[in-house]
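Novice: Fit chain H to the supplied structure of chain L, relying on the hints for placement.
In order, the protein sequences belong to chains L and H. For the record, in the first sequence the residue sitting at position 133 is 530 according to the numbering used here, with numbers rising by one throughout. For the record, in the second sequence the residue sitting at position 282 is 679 according to the numbering used here, with numbers rising by one throughout.
Hints were generated in silico from the structure; no laboratory data involved. Keep in mind that a hint or two might mislead.
Put simply, identical chains are the same to the list, so a pair is met inside one copy or across any two.
[Said to hold, decoys possible] Straight-line Cα separation of at most 20 Å, EDC-like style, residue types lysine to aspartate or glutamate; simulated pairs:
1) Lys-512 with Glu-500
2) Lys-562 with Glu-451
3) Lys-413 with Glu-403
4) Lys-471 with Glu-521
5) Lys-512 with Glu-489
6) Lys-406 with Glu-428
7) Lys-562 with Glu-437
8) Lys-529 with Glu-607
9) Lys-790 with Glu-639
10) Lys-608 with Glu-639
11) Lys-413 with Glu-437
12) Lys-471 with Glu-541
13) Lys-703 with Glu-467
14) Lys-562 with Glu-424
15) Lys-745 with Asp-491
16) Lys-789 with Glu-474
17) Lys-406 with Glu-788
18) Lys-512 with Glu-467
19) Lys-520 with Glu-467
20) Lys-413 with Glu-427
21) Lys-431 with Glu-450
22) Lys-660 with Glu-742
23) Lys-790 with Glu-831
24) Lys-413 with Glu-436
The lines below spell out each chain.
2 protein chains.
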Amino acid sequence: MNRVRELVKLCSDWIKGGLSGQELIEELEEECGKLGLSEEFARRLLGLMLDEEERLRGGRPAPSGLKLREFASKVQELQRMGERVMRLELGEPDFSAPPSVVEAACKALREGYSKYGPATGIKELRQAVASKLSERFGLDLKPENVVITAGGTFAVYGSIEAVTKPGDEVVVIEPAWPLYAHQARWLGRRVLTIRTRFEEDWDPVEMLQEKVSKLTKLIILNYPNNPTGKILDRGSLKAILELAEDAGAWVLGDEVYMDFCYKDGFASVLELPAERKIMVNSFSKTWGMTGFRVGYIVSDPEVAMKVARAQNTAMTCIPEFVQRAALAALSDEESARRNIELIGERLKILYEELSRSKLIEVKPPEGAMYVFPRIKVDGFDSWRFAWTLLEKKRVSIAPGACFGEDYNSYLRISAVLDGEPLREACRRIREAIEEYS
Amino acid sequence: MNRVRELVKLCSDWIKGGLSGQELIEELEEECGKLGLSEEFARRLLGLMLDEEERLRGGRPAPSGLKLREFASKVQELQRMGERVMRLELGEPDFSAPPSVVEAACKALREGYSKYGPATGIKELRQAVASKLSERFGLDLKPENVVITAGGTFAVYGSIEAVTKPGDEVVVIEPAWPLYAHQARWLGRRVLTIRTRFEEDWDPVEMLQEKVSKLTKLIILNYPNNPTGKILDRGSLKAILELAEDAGAWVLGDEVYMDFCYKDGFASVLELPAERKIMVNSFSKTWGMTGFRVGYIVSDPEVAMKVARAQNTAMTCIPEFVQRAALAALSDEESARRNIELIGERLKILYEELSRSKLIEVKPPEGAMYVFPRIKVDGFDSWRFAWTLLEKKRVSIAPGACFGEDYNSYLRISAVLDGEPLREACRRIREAIEEYS
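Just chain L, with the same shape it has in the complex (with noise of 0.2 Å):
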């Protein structure tokens, strides 16, 4: 009786009397080891020590990525009364999954390549994801390094439950993806966030050696990037590593936008020297795959055991016909290459057309489908004008506070309209934003 009290009044003015981490995890794994506790319970004590200090603060708000699909699904709504909406919103391609790709699908579904298959993925697409890789990129990697993945969202979560624990530290780097953050919290992990500024060319490099500590377990990176563009230099991504290196931690390189890079200096995970990183890429961009649903992880086989587990637990495997059009895709190439360029122009377009307008700032667009304009307005509200744009011109775009508190004067646009309709779709952002007060 008197104990549990005792330990809860402990738990309640340390949370109270709030927390520094770094040094908290090693005394509390240098005492636990002394009493022969485990560092995994030192690590979830804190780390739910921590969780309860933010819910006290006042907790989290609702992930903005969910708050873009209920905004989207407005959109739909109004399309579906008759209305005529130009979309910009999603990062989801215009373009379809070439006939190739369809056929191949259509073709194993026929032969009855429909039954349950490994975690892993089919060895035939694990093994051609291997060679390609390894020719691109001068590497001799093997099936044994890559697992198929439910698109590239099973593929951060299953890495995220891979390499880290409930309780430790994942480090995400703002503007952002939402769901990097939201899956790391939905698992139990804390999750530090590093806030790159357009001032700063989004450069994360000093800020992750500022932050980055023995408390990191995970860095996720992708670039080319979403929303940004950005494509982050050989020279910086190997600084990364190095840092990563040094404090143990695994990093992610999130390289779905991989193939729409439109500047040099691209550089994967894979080609530089690091011990613990995982890459993860997607059918989805460059094919127009969207809703099959198929990406993969590359990473040591160890890792990789570790994700198709992961996978075999959420779901048991992914359908194998998805798999082989997968494998189709693979060998179009003239399609990925239609596609990517077709994103190039638009971006191009995209550019030229928001660089008009005094009131925005944009850069030129180096990777991924995006821009990612600065609205030079004074106490610019980035959902509020989403929603104006909406109901007055018919334009959707996604507001830049959905990549981080600190973007609210940001848009993100997505190039996946043509020519003409997008710089008609130009005009109206233009408008819509000198109307803006």
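Specialist: Below, chain H alone, put in the same frame as chain L:
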């Protein structure tokens, strides 16, 4: 410094002194409440200490389901080497998806149903599931009650996430599909195991009445049962639902074998009154669609939204063309009926053939796709037998040990071969048992 030591000491004393969950959780919650800490904190703290206690006691063995998967891989390897193996070890029908389903998938693919979609699943399929179940059970279900999931596997995984938190107690009734306990532990929940007995006709009610407590947050039921084939009668189900209501616990009815009933008396959790219930189902078994990875949950709209959010977090959504195939399956009652009859005939053969041996005790099959006979040989080891049977007789079955520690004298044999080969496989099993020593 002192405080850390003091806290760790208290935890350590507690963990090593043995914990009795039920009284502790109430005390912990009360003390936490007094100091303004949340119930969740109390529960997670207790869960953490119980986990550490288990680890100190020697930890948990690797999930036996994974061993079965390795065994199945070995069988496949033999097959690739040209050996003929009669495979009865998997929970996968030998029949494939009917042409109606395959062609619906191809049509949807060609029509471009391969974009991002709602994490809940498409409205048409949710509506169709709601209508079909409403008609069958005399209910008034809406699409909002239904979420389409990545197979029955994610249906269970997402449901555990939806209605429990880390540290919560989940009740699993053995013999059981190994993934229930594995998923619950994977998600940081604690598993309370109920071990039903052959002699008591696998009846769980009394044991549940003894063991379910205020700590219990979820009871997982699976009738018709994998592996025993048992159908729980309506009265027993009602008793369990009432018991759960009293304890404030949820009941998950995994009813993926719902269509495979060869005895009257099956009742769905949907049919009986209870506040907290989730029904899980799948297209895998009834239509031979294992590799499509499509199933669903039915619950109240709030739980449905939580399952959808879990799915969104892990994989964004599942392919729409797969869902359109499932829609076609729902209206292909002819194929379903044929498959159900086929399995029924084979279960009869299994029963008849296995009953011929005095060393095999087998119950008349009630449902699902399995028999789960007891082998009356002293010191019988189901794993050793499985390997010997594979090596000497080229027949593969699932060892009873996969379904719980207490079932090492049992075998699970799946009704997934046609009549004559199935009789031959049974002959070999009988022989192998007679030769076993």
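Novice: Against each hint, give a clear statement of whether it holds in the structure.
Specialist: Results of checking the hints against the structure:
1. Lys-512 with Glu-500: both (19 Å within a copy, 16 Å between copies)
2. Lys-562 with Glu-451: both (19 Å within a copy, 18 Å between copies)
3. Lys-413 with Glu-403: Intra 15 Å, inter 17 Å, cutoff 20 Å: intra and inter.
4. Lys-471 with Glu-521: between (41 Å within a copy, 19 Å between copies)
5. Lys-512 with Glu-489: between (29 Å within a copy, 8 Å between copies)
6. Lys-406 with Glu-428: both (19 Å within a copy, 8 Å between copies)
7. Lys-562 with Glu-437: Answer is both: 8 Å inside a copy and 19 Å across each meet the 20 Å cutoff.
8. Lys-529 with Glu-607: Neither. Shortest intra-copy (37 Å) and inter-copy (58 Å) distances fail the 20 Å Cα cut-off.
9. Lys-790 with Glu-639: Neither. Shortest intra-copy (48 Å) and inter-copy (56 Å) distances fail the 20 Å Cα cut-off.
10. Lys-608 with Glu-639: within (14 Å within a copy, 53 Å between copies)
11. Lys-413 with Glu-437: For Lys-413 and Glu-437, the Cα distance is within 20 Å only across copies (17 Å; inside one copy 23 Å).
12. Lys-471 with Glu-541: between (43 Å within a copy, 18 Å between copies)
13. Lys-703 with Glu-467: Intra 33 Å, inter 15 Å, cutoff 20 Å: inter-copy only.
14. Lys-562 with Glu-424: within (19 Å within a copy, 28 Å between copies)
15. Lys-745 with Asp-491: Classified as within: same-chain Cα gap 17 Å, cross-chain 54 Å, threshold 20 Å.
16. Lys-789 with Glu-474: For Lys-789 and Glu-474, only the intra-copy Cα distance (16 Å) is at most 20 Å; the inter-copy one is 63 Å.
17. Lys-406 with Glu-788: Neither. Shortest intra-copy (53 Å) and inter-copy (61 Å) distances fail the 20 Å Cα cut-off.
18. Lys-512 with Glu-467: between (35 Å within a copy, 17 Å between copies)
19. Lys-520 with Glu-467: Intra 38 Å, inter 16 Å, cutoff 20 Å: inter-copy only.
20. Lys-413 with Glu-427: So Lys-413 and Glu-427 pass the 20 Å test across copies only (18 Å; inside, 23 Å).
21. Lys-431 with Glu-450: Result: close only across copies, 16 Å inter versus 27 Å intra.
22. Lys-660 with Glu-742: Cα proximity of Lys-660 and Glu-742: one copy only (13 Å, versus 65 Å across).
23. Lys-790 with Glu-831: Answer is within: at 13 Å inside a copy they meet the 20 Å cutoff, but 81 Å across does not.
24. Lys-413 with Glu-436: Cα proximity of Lys-413 and Glu-436: across copies only (16 Å, versus 24 Å in one copy).
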